[in-house]
Amino acid sequence: MLLHFGSVPTLVVSSADAAREIMKTQDLIFANRPKSSMFDKLLYNYKDVSMAPYGEYWRQMKSLLVLHLLSNKRVRSFQSVRDQETSLMIEKIKQCSSSSCVNLSEVFAKLTNDVVCRVALGRKYGEGEGGRVFKELLGEFVELLGVISVGDYIPWLVWVNRVNGLDGRAEKLAKQLDKFLERVIEEHIDCEKKGSHDHVVSLENDDQKDFVDVLLWIQKENVIGFPIDRVGVKAVILDAFAAGTDTTYTVLEWIMTELLRHPKTMKMVQNEVRGIIGNRKDIIEDDLDKMRYLKAVIKETLHFHPPIPLLLPRKSIRDAKIQGYDIAAGTQVIINAWAIGRDPTSWDEPNEFQPERFLTSSIDFKGNDFELIPFGAGRRGCPGISFSIATIELVLANLVHNFDWTLPGEARGEDLDTTESTGISIHRKFPLIVVATPYSG
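Under the numbering used here, the first residue of the sequence shown carries the number 1, and numbering increases by one thereafter.
Be a bit skeptical, because a hint or two may be false.
Using 30 Å as the maximum straight-line C-alpha spacing, the simulated DSS-like pairs for lysine-lysine come out as follows [what the hints assert, rightly or not]: (1) Lys110 x Lys24; (2) Lys429 x Lys267; (3) Lys73 x Lys175; (4) Lys179 x Lys124; (5) Lys220 x Lys193; (6) Lys290 x Lys110; (7) Lys321 x Lys35; (8) Lys315 x Lys267; (9) Lys35 x Lys194.
Distance ranges between label pairs, derived from CB positions [said to hold, decoys possible]: (10) Ser63 x Asp343: 32 to 38 Å; (11) Lys264 x Val133: 42 to 48 Å; (12) Val133 x Ile363: 39 to 45 Å; (13) Ile284 x Lys175: 41 to 47 Å; (14) Lys35 x Trp217: 48 to 54 Å.
Hint data in this document are derived by calculation from the structure and do not stem from the laboratory.
Ideal Cβ placement from N, Cα and C applies to all residues, glycine included.
Build out the structure end to end from the sequences listed, making use of the hints.
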């Protein structure tokens, strides 16, 4: 469907076949990003990876992410961080379960923030006044990234954001985040000069350096043969937080929502996990590889609730033809991952939550099957899929293994409110409040 948002021609894609054309067959033509005043202000004038214009800078920075920060080897190296933070989460839930209900939305937000802080920055920033302020800044950061600026589509209305205060908020937030990131970088530099390091991840193994360590090393040694300045380092770190915390937290929240709404599905995934773990306390990666139904539940949640329903927009570099229609150069393209997941030509009973569909299907979410593209695909696909899924699988397995879950009072699962929030990623509008009963075996 071709629309005009103000002066910007916009193609909305809602079928798997059209998405395949955009993200595979003609991926190069549609590899650019449109301009966004909010992304410009918050991500150092597009010095990040997610919204940087297609070109040499983007290619080099994407390669850096894939090879040095988010490779499968490095994702595995942070297993101890995921294990430790998941164990802390389970203990916290046990403490709360003895006296009150549990706010799982808060639990997931803290968990994902702590994991990404340790992996990206080397330590948690969740304690005390400084940690509280940082979490508030990140929350506002994600919120503003989802704001649609009218001036982006109607240039003569660019003044609106100055009047309504959005420009001022974004500029103030950008300065606050920059100040925080400068402090983090200086801490890393000082530790290196002193020959000491107090980060959680060990520097004895290069694979266990945090993201800031790796980026500073690449910058200093010119490892990739492409200059990276301080601004680029900070922009990539902000990308990691935007993608690594918000989407992971959103997926976990919707998984537990759907399991509470479907008690039989909850029981099936609990039986699978408990059958594999037995009397052991710890869950290891080899265990996760055996959990076919748990993986199916995650896939079905991504199918039912893609964390970013409208994928980050693309922009055509030159004229193209999509399914027989002429698309002019400079056209913005919005791929509706939610609509593709509800398309009856691709899915049987698309509006029913049925993890079983994936037990007999090879469809995956990694960008090769365009019926299921919660993380995008092609050149602009999310490079952090493995990192996010590793966290989601471990957390979910621990939750269903350690607790039985119900809603407060006499509430029934089918009555659980599933109203969605608005923004770049779609959370529950209201917190997920539950009762957790420790499983005794």
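Quiz item: Is the straight-line distance between the alpha-carbon of Lys35 and that of Lys194 30 Å or less?
Solution: Answer violated: Lys35 to Lys194 is near 42 Å, above 30 Å.
Quiz item: Holds or violated: 42 to 48 Å for the Cβ distance of Lys264 and Val133?
Solution: holds, 44 Å
Quiz item: Taken at face value, is the distance from the CA of Lys175 to the CA of Lys73 at most 30 Å?
Solution: violated, 34 Å
Self-check item: Val133 versus Ile363 beta-carbon gap, inside 39 to 45 Å or not
Solution: holds, 43 Å
Self-check item: Restraint check for Lys179 with Lys124, where alpha carbons must lie at most 30 Å apart
Solution: Distance of about 17 Å is within 30 Å: holds.
Quiz item: Under the criterion that the straight-line Cα-Cα distance not exceed 30 Å, is the pair Lys429, Lys267 satisfied?
Solution: holds, 26 Å
Quiz item: Are the Cα positions of Lys110 and Lys24 separated by 30 Å at most?
Solution: violated, 36 Å
Quiz item: Holds or violated: are the alpha carbons of Lys290 and Lys110 at most 30 Å from each other?
Solution: holds, 28 Å
Self-check item: Restraint status (C-alpha distance of Lys321 to Lys35 at most 30 Å)
Solution: holds, 23 Å
Quiz item: Between Lys315 and Lys267, does the CA-CA distance stay at or below 30 Å?
Solution: violated, 45 Å
Quiz item: So the hint says 41 to 47 Å: do the beta-carbon atoms of Ile284 and Lys175 match that?
Solution: holds, 44 Å
Quiz item: Per the hint of 32 to 38 Å, is the separation of the Cβ atoms of Ser63 and Asp343 within bounds?
Solution: holds, 34 Å
The structure fails hints 1, 3, 8, 9, 14 (numbered hints given earlier, in ascending order).
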